[in-house]
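A.B. asks: With these hints in hand, go ahead and build the complete structure from the sequences.
So the sequences go chain by chain: V and Z.
Sequential numbering of the first sequence, starting at 0, is according to numbering that gives the first Met the number 0.
Sequential numbering of the second sequence, starting at 0, is according to numbering that gives the first Met the number 0.
If you are wondering where the hints come from, they were derived from the structure by calculation, not from laboratory data.
The model shown is predicted, which means the values in this text are computed figures rather than measured ones.
Treat the hints with care, as some may be off.
Each pair may be met inside one copy or between any two copies, as identical chains are not told apart.
What the hints assert, rightly or not - In silico lysine to aspartate or glutamate, EDC-like type, Cα no more than 20 Å apart, as pairs:
hint, residue 1, residue 2
1, K166, E333
2, K258, E68
3, K465, E603
4, K441, E263
5, K480, E191
6, K480, E636
7, K480, D116
8, K443, D188
9, K166, E264
2 protein chains.
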Amino acid sequence: MVISVVSVHFKPGGQRVEVPSGTLLSDAAAQAGAELNIPCGGQGRCGRCAVVIEAGEVRRRSTAQLSPEDVEAGYALACQTLIEGDVVVFIPPQERIERRLKESKRAAQVELPFPYDLHDQPLRKYAITLEPPSLQDQTDDWSRLRRELSRRHGMEEVQVSLPVLRKLGSALREGEWTVTLVIELYGWDRPEGPPRLIDVLPGERLESLWAVAIDIGTTTNHVWLVDLIGGEVMAQKADYNGQIARGAEVIPRIIYASKGNGLEELQGLVMETLNRLLEQAAQERSISTDEIYKAVVAGNSTMIHLFAGIPPESIRLMPFITAVNQLPPFPAREIGLGINPEGSVDCLPGVASYVGADITSGVVSSGMCDTGELTLFVDIGTNGEMALGDCTWLISCACSAGPAFEGAGVANGMRATAGAIEEVWVNSETYDATYRVIYDEKPKGICGSGLISLLAEMFIAGVIDKSGNINLGLATPRVRKGEHGPEYVVALADETAIGEDIVVTAVDIDNLMRAKAAIYAGFSILARSVGLTMGDIGQLLIGGAFGQYINVEKATQIGMLPDMPYEHIHFLGNTSVRGAYMSLLSQEVRRQVVDAGQMMTYLELSADNTFFDEFNAAMFLPHTDESQFPTVMALLEGR
Amino acid sequence: MVISVVSVHFKPGGQRVEVPSGTLLSDAAAQAGAELNIPCGGQGRCGRCAVVIEAGEVRRRSTAQLSPEDVEAGYALACQTLIEGDVVVFIPPQERIERRLKESKRAAQVELPFPYDLHDQPLRKYAITLEPPSLQDQTDDWSRLRRELSRRHGMEEVQVSLPVLRKLGSALREGEWTVTLVIELYGWDRPEGPPRLIDVLPGERLESLWAVAIDIGTTTNHVWLVDLIGGEVMAQKADYNGQIARGAEVIPRIIYASKGNGLEELQGLVMETLNRLLEQAAQERSISTDEIYKAVVAGNSTMIHLFAGIPPESIRLMPFITAVNQLPPFPAREIGLGINPEGSVDCLPGVASYVGADITSGVVSSGMCDTGELTLFVDIGTNGEMALGDCTWLISCACSAGPAFEGAGVANGMRATAGAIEEVWVNSETYDATYRVIYDEKPKGICGSGLISLLAEMFIAGVIDKSGNINLGLATPRVRKGEHGPEYVVALADETAIGEDIVVTAVDIDNLMRAKAAIYAGFSILARSVGLTMGDIGQLLIGGAFGQYINVEKATQIGMLPDMPYEHIHFLGNTSVRGAYMSLLSQEVRRQVVDAGQMMTYLELSADNTFFDEFNAAMFLPHTDESQFPTVMALLEGR
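C.D. replies: This is how it looks when you write it as structure tokens:
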């Protein structure tokens with residue numbers, strides 16, 4: 000490689016400098032006297048040194064803090080970018096970068112996953128005008144409507160419920176014999192129909208057609224409001240599942256459901272959460288929740304049982320059987336979901352007690368079923384559920400990871416919202432912590448990505464050892480004995496919004512270790528069960544709402560994710576709600592979800608006596624078998 | 000005709016007498032000194048002179064007070080029976096006759112209307128044993144059940160609701176993987192299925208299979224509990240419709256339903272009544288109402304709308320349109336009917352606003368659709384609904400008769416239960432009244448048959464004139480001015496159970512006159528609309544729960560029924576509930592009800608400007624046109 004000299008022109012200051020090709024952009028800026036903000040010290044971790052390459056060739060070593068759209072727009076991290084030709088570089092005002100980072104924490108605009116055609120949509124609206132009745136034609140309202148539907152649209156044998164019949168007469172008369180009908184022409188369970196009349200509205204009301212995709216996580220619930228005219232996601236809402244107060248994981252909830260009216264209570268709690276989110280989403284679009292005519296719901300098997308009010312007891316008892324993996328669609332009124340009471344609620348199918356509709360939905364939305372490449376898919380939530388395979392075969396398993404990564408079950412844990420510490424850096428000499436907070440507010444707690452980052456930094460800096468024990472001998476007041484044993488202070492009281500220190504305790508660390516160990520043990524067993532090793536895996540797809548914010552480098556350092564080239568790891572966000580969304584748009588996708596469930600072999604880990612060994616082996620940082628983490632070991636040796 | 004002498008032998012007394020053939024049995028008894036009780040004076044009205052013809056030939060002139068079973072058993076009314084050969088007559092103890100009369104007021108045992116075959120019944124029970132799940136076969140409960148249903152019974156695509164799925168898991172485990180399934184294989188609306196799973200019970204529970212036929216009258220509700228294993232009616236219950244307090248007729252109820260939460264209130268009231276009756280019927284058979292898995296419901300269009308909670312407003316407004324004539328079947332839980340919540344509620348179809356399912360049901364159960372004879376069918380209830388035709392054509396109409404004949408809207412009116420005066424005789428000289436009370440208790444009021452009898456007797460005795468006015472000049476304290484105008488005392492306070500006089504007022508008489516006039520006007524218009532006269536009518540079939548107790552002679556005297564030979568008049572009892580019962584037993588009958596509704600032409604009386612004339616003409620006793628009542632006129636002239 001011939002090293003040539005290239006020229007760098009910084010805007011808006013106008014500084015120019017000549018440097019050898021291959022020079023880091025941040026070094027060139029320093030040489031030119033162009034001021035850049037590099038709080039993480041040039042490790043590509045904070046994203047604050049983002050600049051825009053307006054012209055010329057560069058090579059980005061890492062874009063971990065940039066979205067594909069950022070890169071497309073020319074953004075590059077100055078500390079991670081090598082200059083390869085004459086370039087013009089624009090240094091945005093620091094304030095603009097901060098706003099960009101803030102925006103990226105908001106729900107990203109969801110793109111249409113495929114071209115959407117309203118004519119393939121089973122949910123439809125029809126405006127129809129009837130001949131008014133007279134003494135000569137005393138045909139009843141319902142027969143009159145059916146007569147016209149048959150004449151105009153060839154629709155026969157339309158199904159109708161009592162609640163719709165109850166409003167028919169007044170809608171016809173209020174609309175002066177013109178009404179808008181909301182009809183579901185067919186469903187996955189009745190591909191040939193008959194059509195089902197869901198609502199009748201006075202007059203012509205064709206302007207919109209709303210539906211909703213729902214993901215019921217053990218810890219977090221997500222609601223995407225979709226306009227089925229254009230197919231786009233128009234609002235996204237999320238909150239903790241109201242059931243958390245009755246148990247952080249599925250097992251305590253199943254036990255709770257089996258006592259007294261626990262089942263009704265848990266159903267009521269999740270419905271409260273969902274209905275609040277639905278209300279918020281509807282408000283954001285200035286519509287009534289009654290205008291939402293369909294819901295597709297994903298979630299793990301226990302969550303779907305509780306949502307539908309079906310006793311989940313047998314899920315936790317040998318031999319771990321669900322009451323039902325595939326519910327028939329039912330009207331929302333039957334469970335009190337706050338959309339139009341006649342709107343269909345379509346729960347996606349699960350595979351087994353611990354591989355539910357969130358995984359079938361996730362596997363389909365991840366594209367895993369369309370690829371020939373050996374793919375490992377993992378949904379990092381309260382349960383670590385994962386699937387291995389490609390377009391021809393699928394095997395899945397689940398391990399109870401616990402809610403630690405969702406910020407629950409950790410002393411200062413919180414969801415990834417305003418005020419959450421989302422990234423932490425621990426100084427290897429002073430053991431002081433610096434951090435980045437969502438929306439740059441004073442910190443209130445630590446979210447999942449922050450916890451992974453924290454665990455990794457504490458390990459790399461030597462605050463904890465490979466077993467996760469806090470080193471109480473360090474010369475820093477940040478390491479101390481707290482009420483609940485050893486702890487490390489991440490943020491001091493005077494920096495925080497809560498007026499107290501934000502800490503991570505030995506108990507928290509144990510929870511995080513168990514979570515990451517459970518996930519990695521699952522990976523290992525899946526691969527081994529089909530005679531493969533982790534090295535055979537072509538790509539790793541990571542689902543789960545918080546997954547998109549994980550720092551791969553950090554997740555690998557703690558041994559949660561396998562040590563593989565970053566470019567083979569893809570963060571897909573909440574694949575569960577995304578699969579529900581795609582199923583709303585396309586019956587073809589809806590069928591694929593069923594097919595994925597039927598094609599998927601389920602590996603019962605509790606019947607697999609190697610799980611405990613694998614779990615114990617993974618209860619070290621990064622792992623007992625260091626050879627599986629060469630990159631991490633190289634880093635440790637380098638320090 | 001040669002008059003011969005015949006011998007009569009009375010038992011148990013042993014008296015013998017010889018009389019000319021053709022002698023009245025009561026005269027022969029008097030001649031022989033055999034004591035008979037003849038309180039009505041030998042008019043065949045009281046039934047107290049019933050004797051048993053043990054041997055020999057007699058001719059019964061009237062059997063109005065005897066059931067067909069009585070006649071079959073040899074009973075004859077001594078005052079109405081001519082001796083035609085040597086006979087042996089048994090005079091039962093008076094006490095035995097009274098008990099027989101009491102029994103006859105109880106619900107008569109309902110015979111199977113046709114041979115019943117359980118294999119033609121769409122509602123079925125199946126006991127089924129599943130292979131228990133294991134770690135090797137983690138199939139979910141619902142799929143496991145469907146798999147077995149498919150294997151054993153070839154049943155695919157079984158429909159299930161959330162409430163049934165909710166109990167599936169515990170039923171399977173409680174029954175140790177043997178369960179009894181209640182399945183509706185098909186329905187009139189889905190003749191090809193799919194089957195619908197209604198209940199799942201632990202263990203084998205094949206001993207019974209309950210359903211119910213319901214008739215919702217404006218005034219009275221009837222419930223027949225049916226065991227679908229044998230097809231027999233096992234309990235019959237009736238009571239006033241709880242809606243009466245919100246209006247005696249359909250129009251005031253429709254108005255009430257249109258205000259505030261009037262509709263919900265009316266629905267709740269009828270449901271209270273029905274659920275109480277269901278509870279009573281279930282108690283009588285020592286079952287739980289949850290074991291009742293189907294209801295077939297008949298009733299007029301307004302009653303069906305209110306029962307289903309559908310606003311009936313348009314029924315009373317020009318051009319008088321129902322919201323729906325044929326409801327799809329729905330689960331009982333959707334309206335709170337007190338049978339198994341998943342049990343199908345199948346409302347029979349109506350024809351128009353004022354010719355409802357009670358008439359289609361009645362017409363089919365009356366056999367009118369199977370005969371070639373010109374038949375007039377009338378259901379005497381709060382609305383006088385009637386149909387004219389035969390197996391090839393049907394025309395129907397309805398006139399608001401009011402609830403007077405059901406004992407409502409009359410000062411001392413009551414239902415035909417214990418303590419009701421059911422027959423009255425007025426002495427033409429003293430104007431005193433004697434009466435018969437159901438169960439021979441002290442009287443509490445007057446039921447419908449008593450009111451017809453009373454009106455006729457007052458007219459014949461001259462207490463009222465042909466316009467229905469009470470003759471205040473009569474020399475009897477029974478005729479007087481009361482609080483609400485002129486009145487006639489039927490029973491004196493010291494004879495009654497209520498401690499007050501039982502009276503009939505001028506207002507009551509006006510109500511009764513209007514009711515009978517409306518019914519007769521309907522008959523006239525129906526016949527004339529097809530170019531026929533009352534004389535062309537081959538048979539008159541009378542439905543309505545109280546119809547079976549009407550004294551034809553009296554009903555003709557007041558001009559309510561046409562003056563035709565008694566043997567062409569048949570009382571069928573409650574044809575509406577009977578049609579519902581027959582529809583429970585046979586899908587073929589269920590289809591006939593639909594066909595009858597479709598075949599029936601509806602004559603809208605409010606659009607017929609001759610109705611008012613006909614009604615006014617009938618507002619006299621027996622009628623303005625005396626030539627239509629030759630028998631009655633002959634009787635009046637004879638007095």
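A.B. asks: Now tell me if each hint is right for this structure.
C.D. replies: Hints, one by one, checked against the model:
1. K166 with E333: both (18 Å within a copy, 15 Å between copies)
2. K258 with E68: neither (50 Å within a copy, 59 Å between copies)
3. K465 with E603: Neither: 30 Å inside a chain and 91 Å across chains, both beyond 20 Å.
4. K441 with E263: neither (39 Å within a copy, 54 Å between copies)
5. K480 with E191: Answer is neither: 67 Å inside a copy and 73 Å across each miss the 20 Å cutoff.
6. K480 with E636: neither (30 Å within a copy, 118 Å between copies)
7. K480 with D116: This pair counts as neither: shortest intra-copy Cα distance 61 Å, inter-copy 82 Å.
8. K443 with D188: This pair counts as neither: shortest intra-copy Cα distance 47 Å, inter-copy 60 Å.
9. K166 with E264: between (31 Å within a copy, 17 Å between copies)
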